[in-house]
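Participant: Spelled out, the chains give:
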Amino acid sequence: MIAETGHYALILALAVAIVQMVLPLIGARIRDQQLMAVAGPAAQLQFVLVAIAFVALMTAYVTSDFSVENVWRNSAVAKPLLYKISGVWGNHEGSMVLWVLILALFGAAVATFGANLPHQLKANVLAVQGSIAAAFLLFIVTTSNPFIRLDPAPFDGQGLNPVLQDPALAFHPPFLYTGYVGFSMAFSFAIAALIDGRIDAAWARWVRPWTLAAWMCLTLGIAMGSWWAYYELGWGGFWFWDPVENASFMPWLAGTALLHSAVVMEKRDALKVWTILLAIITFSLSLMGTFLVRSGVLTSVHAFAIDPARGIFILAIMGVFIGGALALFAWRAPLLAQGGLFAPISREGSLVLNNLLLTTAWAAVFVGTLYPLALEALTGDKISVGPPFFNLTFAPLILPLLIAVPFGPLLAWKRGDLLAAAQRLTAAACLALAVLVLVLAFRQRGPWLAPLGIGLGVWLIAGAATELVYRVKLFEASWSEAWRRLRNLPRSAYGTALAHAGLGIVVIGIVVTTAWRSEAILAMKPGDTAQIAGYTLAFKGVVPRQGPNYRERVALFEVTRNGEKVTELTPSKREYTVERSGTTEAGIHPSWRGDLYAVLGDQLKDGAYSIRLYFNPLVRLIWLGALTMFIGGAVSLSDRRLRIGTPRRAQTKAATVPAAE
Amino acid sequence: MRFRRSPLVLFLAMGLLAALPAHAVEPDEVLQDPALEARAREISEGLRCLVCQNQSIDDSGAPLAKDLRLLVRERLKAGDSNQQIVDFIVARYGEFVLLKPRFETLTLVLWLATPAVFLAAILIIALAFRRRRAEAQNPAPLSIAEKRRLKRLLGEG
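Which chain is which? The protein sequence lines are R and E, in order. Each residue of the first sequence is one higher than the one before, starting from 1 at the first, in this note's numbering. Each residue of the second sequence is one higher than the one before, starting from 1001 at the first, in this note's numbering.
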């Protein structure tokens, strides 16, 4: 009964989405207030209906109702509760329901908090959201129904893939999807503006917080995925340029560009047409990510051709939305009035540079990810495009961007003074250089580029601090004056500084761990000791252990440093009973210096175990940096100006903050 | 085949990279000479494990990857250069084995697309700046309706 309720709710949601798409659009066209007013309640109702479907599916999972085929395929009685819940989105059908749920949540949020939006804009935005929801609900109901019953119901399910039974991965998809789907808001606003043929700064003020929220979630989602890969895949890598990763990285790059161009639009009413296009592109890349992962095209072009129903459907959705949006853009964009003028060297100019490099960067990832697929589909030739290609094309684009980041916030709007900005950055540059020289002097091995990379990271962090220092006049005014300024600084200024500093932290983490990681591949017998990065590991032996739904063999290492005991590491190899497959659980000892990382391998012929030990220096900075970027976004989002999309009333206060902007 | 990522895994959740636990280079494979071993690792990182999804033979626990790793090390011991070894393996397994495709007719677009996008974007930006500046200096002439309105305003003022 519960499953049928969920199924019914999905079909009702589809009907409501169609109403939400059609009536307000007509209303906005013929200026009928009543038709336009349908949009809000429809969006809220749609959210309630999709939520009912989602809760129904979750109930089936939690109660292990194996008469539902989806539950039988992806769950098992013995699975811990957390993974029963995360099993809901650990499969194709369930994850599509989550996708639509988040989409409906964003729509309902606009309906609920968008009272101060112009009626026509609101109606159009919700109509576009409704059309996306309608397309994906139709997709679920016709090709990916999660509520199909099995008769007779099996006694136990087939379980969830063991590598997915992990806390970080339980929460990775919801964050990632919130990021992907969140960009639909920017898309809907862009399409609404094109339908209206009108766009102004209020538009950007509305779009920015949504884009920022989506970007934050995507940042955290990608970081979680990378962290998971790091500790779960058993060799300490954190980024692989895998097509599935690229599928989430492209919207992130485009979304980052959008975030910055929307600032120009809000503050200076410039870059309007480009911002609209970027909003369309960002969500298009999200749709493409969905297509790449959901259609199976990545596994093999042939797999896609053999079972094309889902793939073709998503391809069609993608084609209609992207093609339609771009056509509408080509038709209506010339109507949008151009905004403020600016010189190439200015805050706007620096943000154009940001957009130029980020756009080329996602284009590089795009080509590298899709080229092998396209080539195989067109000519049958198979080539591989892997990390060496991406590193070679991506790095030359991202390095100049990182060097340029600290300059941006120090340039004035309209016409900036590069020399003055450089002068203000002298201290940051000196600090970065000093660190660079120190690292060069004390470096014993590793590539010569690495100290430059560290210097770059320090430059980003110090540059972010510089902006704050000048805005509060730390060394010019009295302490009390500086303190007063510090408190009155808009939160978005802190947000920018935090996010840019977070980027620097990520850079340092990546550079240090890539350049100076140490590795030992050993055959060890119980009683042997090994040395790595100043640690001594004594191998005590391997014992069996029973988990809730797996058996494992656990190796015990006693770790000492300079004769003192540090910790015990227990890497293990697990065998999941129901799923009949295994995972490798690394033993990790985190510290500020870095992670000591031990992996247990198979037993060799002579009774010794194959053991891999790593020391990954400063590797945690990668995820701490991403977290800092997330927090920066959150701080910026809490800015009154963004929370309340109304004309700024706090101007009298803000006016006392000098024009360092 | 345990080492192979099942297609199902890719369907499972978006954005995750789901390889089965990799246990790549085994202790018995490691060469005595650290310089030679370092070269073996460098070569391995650029070669694709043919039966895996986007993993290099250096990261993969698949038996085929192990065979290739041993082959690389054998050739190194025999005194081949890195290039010779890569050529040898490409001759045997085809271009598909290279994680960094060669620059040739088939991959022309792949390699040139990014620089082309970059240059095109710069061109578009430069043109946009020029056009905007020209527009700002010579504003569009008044339309007839605007001229009439101006006349009326001036006449009345």
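Some clues are possibly wrong.
Claimed, not checked - Label pairs and their computed distance ranges (CB to CB):
1. Arg1152(E) <-> Ala634(R): 39 to 45 Å
2. Leu1071(E) <-> Thr63(R): 49 to 55 Å
3. Asp606(R) <-> Ser1081(E): 45 to 51 Å
4. Pro526(R) <-> Ser1081(E): 20 to 26 Å
5. Glu1045(E) <-> Leu419(R): 25 to 31 Å
6. Glu564(R) <-> Glu1074(E): 57 to 63 Å
7. Ala1035(E) <-> Lys605(R): 27 to 33 Å
8. Arg1102(E) <-> Leu418(R): 36 to 42 Å
9. Ala1035(E) <-> Ala420(R): 48 to 54 Å
10. Ala330(R) <-> Leu1108(E): 24 to 30 Å
11. Leu1123(E) <-> Gln33(R): 54 to 60 Å
12. Val437(R) <-> Gln1032(E): 33 to 39 Å
13. Leu1123(E) <-> Glu4(R): 45 to 51 Å
14. Gln33(R) <-> Leu1153(E): 17 to 23 Å
If you're looking for bench data, these hints aren't it; they were derived computationally from the structure. Here a beta-carbon is modelled for each residue, glycine too, at the ideal position from N, C-alpha and C.
Participant: If you check the beta carbons of Asp606(R) and Ser1081(E), does the distance land in 45 to 51 Å?
Facilitator: violated, 34 Å
Participant: For the hint 48 to 54 Å, verify it against the beta carbon of Ala1035(E) and that of Ala420(R).
Facilitator: holds, 51 Å
Participant: Is it true that the C-beta distance of Val437(R) to Gln1032(E) lies inside 33 to 39 Å, as the hint says?
Facilitator: holds, 37 Å
Participant: If I claimed the Cβ atoms of Arg1152(E) and Ala634(R) lie 39 to 45 Å apart, would that claim hold in this structure?
Facilitator: violated, 56 Å
Participant: That 24 to 30 Å hint for Ala330(R) and Leu1108(E) (C-beta), does it hold up?
Facilitator: holds, 28 Å
Participant: For the hint 25 to 31 Å, verify it against the beta carbon of Glu1045(E) and that of Leu419(R).
Facilitator: violated, 44 Å
Participant: Return holds or violated for the Cβ distance of Pro526(R) and Ser1081(E) against the range 20 to 26 Å.
Facilitator: violated, 42 Å
Participant: Within 36 to 42 Å: is that where the Cβ-Cβ distance between Arg1102(E) and Leu418(R) falls?
Facilitator: For Leu418(R) against Arg1102(E), whose Cβ atoms are near 41 Å apart, the range 36 to 42 Å holds.
Participant: For the hint 49 to 55 Å, verify it against the beta carbon of Leu1071(E) and that of Thr63(R).
Facilitator: holds, 53 Å
Participant: Okay, Glu564(R) versus Glu1074(E) on CB: inside 57 to 63 Å?
Facilitator: Violated, at about 44 Å.
Participant: Mind checking the hinted window 54 to 60 Å against the Cβ distance between Leu1123(E) and Gln33(R)?
Facilitator: Hint violated: Cβ distance 47 Å, outside 54 to 60 Å.
Participant: Starting from the hint 17 to 23 Å, judge whether the C-beta atoms of Gln33(R) and Leu1153(E) obey it.
Facilitator: violated, 36 Å
The structure shown violates the earlier hints numbered 1, 3, 4, 5, 6, 11, 13 and 14.
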